[in-house]
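**Q** My request is simple: use the sequences and hints to build the entire structure.
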Amino acid sequence: MFVGTLELDVLLGDIHSLKEKRGVVRPVIAELRRQFDVAVAEVGHQDLHRRALLGVATVAAEAAQCQAVLDSCERLVAARPELDLLSAHRTLHHSDD
Numbered sequence: 001m002f003v004g005t006l007e008l009d010v011l012l013g014d015i016h017s018l019k020e021k022r023g024v025v026r027p028v029i030a031e032l033r034r035q036f037d038v039a040v041a042e043v044g045h046q047d048l049h050r051r052a053l054l055g056v057a058t059v060a061a062e063a064a065q066c067q068a069v070l071d072s073c074e075r076l077v078a079a080r081p082e083l084d085l086l087s088a089h090r091t092l093h094h095s096d097d
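The numbers in the sequence shown follow my numbering, run straight up by one, and end at 97.
Any given hint might turn out to be false.
What the hints assert, rightly or not - Label pairs and their in silico Cβ distance ranges:
#	residue 1	residue 2	range
1	E74	M1	26 to 34 Å
2	S95	H49	37 to 45 Å
3	S87	D14	36 to 44 Å
4	H16	T91	32 to 40 Å
5	R22	D84	35 to 43 Å
6	H94	D47	29 to 37 Å
7	A64	D14	37 to 45 Å
8	T91	D14	27 to 35 Å
9	S17	R80	28 to 36 Å
10	A79	R50	13 to 21 Å
These aren't lab readings, by the way, just hints derived from the structure by calculation.
Even for Gly, the Cβ is constructed at its ideal location relative to N, Cα and C.
**A** Dropping the structure here:
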C-alpha cells in the first residue's frame, strides 16, 4: 500500500477578506474531491486572506497510481485562473516504511 501526499501553496487573486478566500478555496477543494476521490483540506495560511496551503492525500496499491493522481490534482490547481501555484511538495510512503 502506498500513501501519497501533496502540499500546494497557492496565491489567491484579488481577495480582500477571509470570507472571499473561502468562496475561492472551497470550490477548488470540492472539485478535487469530486474528480479524483482524494482527501483534501486547507492545512495552512488560514489567517492570510491571499494565501492558502492545500493538503491532498491519496492511497493506492501502486506508487505509480498515487503519482498519477497527485499529478492530476496539481495540474487542476495550476490551471485555475483565480489561483497562482507558488509551490508543490509531494511525498510518497510505502506501508513498509
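**Q** Could you tell me which of the hints above the structure violates, numbers in ascending order?
**A** 1, 3, 5, 9
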